[in-house]
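Engineer: The lines below spell out each chain.
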Amino acid sequence: MATLVLADHDLGQLSPATARIVAAAAQLGAPVDVLVAGAGVDAVASCAAAIEGVAKVRVAQSQALATLSPEALTTLLLTLAPQYDAIVAGSAAVGRDAMPRLAAKLDLMPVTDIVAVHGPGRFDRPIYAGNAIETVASSQAKNVLTIRAAAFRPAGQGGPAPIEAIDASDVSALARFVAAHRTESDVPDLATAQIVVGGGVSVGSAEGFKLIEKLAHQLGAAVGATRAAVDAGYAPNDWQVGQTGKIIAPDLYIAIGISGALQHLAGIQGAKKIIAINTDPEAPLVKIADVALIGDLFTIVPALIADLEKQGIRP
Amino acid sequence: MKILVAVKRVVDHNVRIRVRPDLSGVETENVRMSMNPFDKHAVEAAVQLAEAGKADEIVIVSIGPKQANDVILTALAMGAHRGILVEAAEKLETLAIAKLLKAVADEEKPDLILLGKQAVDDDSNHVGQMLAGLLDWPQATFASEIKAGDGALEVTREVDFGRATVSVSLPAIVTADLRLNTPRNAALPMVMKARQKPLAVRPLADFAVDVAPRLVIEKVSPPAERPGGRKAGDVGELAGIIAAELKELEAL
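Chains as they are written, first to last, in this note's numbering: chain A, 1 to 315; chain B, 1001 to 1252.
The hints are simulated quantities; they were obtained by calculation from the structure and are not laboratory data.
Treat each hint with caution, since some may be false.
Partial pick of chain B residues on the chain A-facing surface, computed with a CB cut under 8 Å [said to hold, decoys possible]:
1. Gln1129
2. Thr1141
3. Val1159
4. Phe1161
5. Val1166
6. Leu1178
7. Arg1214
8. Ile1217
9. Glu1218
10. Ser1221
11. Pro1222
12. Arg1230
13. Val1235
By construction, the Cβ of each residue, glycine as well, lies at the ideal position given by its N, Cα and C atoms.
Start from the sequences, fold in the hints, and give me the full structure.
Structural biologist: Structure follows, in structure tokens:
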């Protein structure tokens, strides 16, 4: 049979995480179809069709699916489930919300937050905030899975795969969507960014975070924050990196004023290179960093911005 | 409104965990255990709804070994009214937990079920969503704000793009995120009083639920270690390192 991947999208744009989820799903060894659910998602479907390894894109459009509510998605996926051996989503908010609900409806035990695929039914997933890795085997007739996009390299461009519309007229949402409160920013997607600049509570204020954002902008990087910095109101919640926030795997992570709580370290384990700027040479994050500069961030960061600019590195 | 809150006893989140040398799991013997932090926020939310006159009874349920009594007592000391322990010696999968909670919900008929969004041991983030599916109730997960209205709740959720507000009619499932509230520490008199509150211990066999595991945990391994690096001498050196790194990334 085949694998169905639920496409991740927002504001009419396919999330870059989807190409990574397709790559992970391809490792299950069956043809991969992509489901684009929503309203006004024709452009998303075309982008999904251009991902290498996609056999076909199925598009379900209805007003009830517009906000990707878990109830509506589950109703839709239940109608498609008989045609697939595996139903896969990213372990971002929509997948985390809908896939366990779907699994329970199908009387299946889901495997979520997968960081490695060893075959159609063998996976690695982190537990205890990434302080241990569990290898699980599933011999269930069908698998419901979520994938940590950051742990996989994206599939390239291919296709275009055929696009087919599916009927979603009987899908209804149980909850009523009231409002979206979006963080306004034009920085790259945190979960799939190549470079991330992160700030901790020692940045001291929302004003101080402007400095972090300035450096990020200069480097074309996404901005991350620790839970303490978010709780203190210095950064919006969707910048949170860690066990309960976003999991990142950039090629370069620059951690500024972050001592490195276990929960934060859990979120950055996939980073290839880590640079830390901190006053405390004994901070856990400084100890695991590839390069650390010890000192006050308010002196270092402005000097760093000026120095990089001198070398011709500008937004 | 009657609220059911599910709580889990886990390795205390401040304990640095150790993987057993035979890779059979994480060491939990002689390790400090406590209530899953997210569940504490769920209990606090229920108590605040009761204090605001929106809820009249809070029932706590936990599924686990005898010792899970402790976390139920913690919740009772915070202000919940009575507890139910479904005694299970074995570690159960989230699907089995959701089915057992459904059985309890069928008996108790609550208007609202509150849970933490995930447990900090298996980090699954499943049970609220699964229970909502089994009951066919609406779900509002990762809640950072709850407003109780007439027969409905307005819940603000933490999502990828920021926050989103949904309205769910009751009965419903809500899972708590950390920014929902600040859980109280119960004062000593409340802790003493908690011991007088009813706590029913129910054997697993009371419920006709198949709890046989569906997955095999082959092994649990420690994560790859990250060797520390070097110190940069000054800002100039660090700028040079970053510039070189950018050049390399551009070449990719």
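Engineer: Each hint should be assessed against the structure and marked as holding or not.
Structural biologist: To see whether the hints hold, each was checked on the structure:
1. Contact between Gln1129 (chain B) and chain A, as hinted, is supported at the beta carbon level, the nearest pair being about 4 Å apart and thus within 8 Å.
2. Interface restraint check: Thr1141 (chain B) against chain A, minimum CB-CB distance 5 Å, threshold 8 Å, status holds.
3. This hint holds: Val1159 (chain B) has a C-beta 4 Å from the nearest C-beta of chain A, less than the 8 Å allowed.
4. Hint status for Phe1161 (chain B) relative to chain A: holds, with the closest Cβ pair at about 5 Å, below 8 Å.
5. Look at Val1166 (chain B): its Cβ gets to within about 5 Å of chain A, closer than 8 Å, so that hint holds up.
6. Against a cut-off of 8 Å between C-beta atoms, the interface hint on Leu1178 (chain B) holds, since the closest Cβ of chain A lies about 7 Å away.
7. At its closest, the beta carbon of Arg1214 (chain B) sits 4 Å from a beta carbon of chain A; the interface hint therefore holds under the 8 Å criterion.
8. Because the closest C-beta pair between Ile1217 (chain B) and chain A is about 6 Å apart, less than 8 Å, the hint holds.
9. This hint holds: Glu1218 (chain B) has a C-beta 4 Å from the nearest C-beta of chain A, less than the 8 Å allowed.
10. Among the interface hints, the one on Ser1221 (chain B) holds; its C-beta lies about 5 Å from the nearest C-beta in chain A, closer than the 8 Å criterion.
11. Restraint check, Pro1222 (chain B) versus chain A: the minimum CB separation of about 6 Å is within 8 Å; hint holds.
12. A cut of 8 Å between beta carbons decides the hint on Arg1230 (chain B): the least distance to chain A is about 6 Å, and the hint holds.
13. Hint status for Val1235 (chain B): holds, given a least beta-carbon distance of 4 Å to chain A, under 8 Å.
Comparing the model with each earlier hint shows no violations; every hint is respected.
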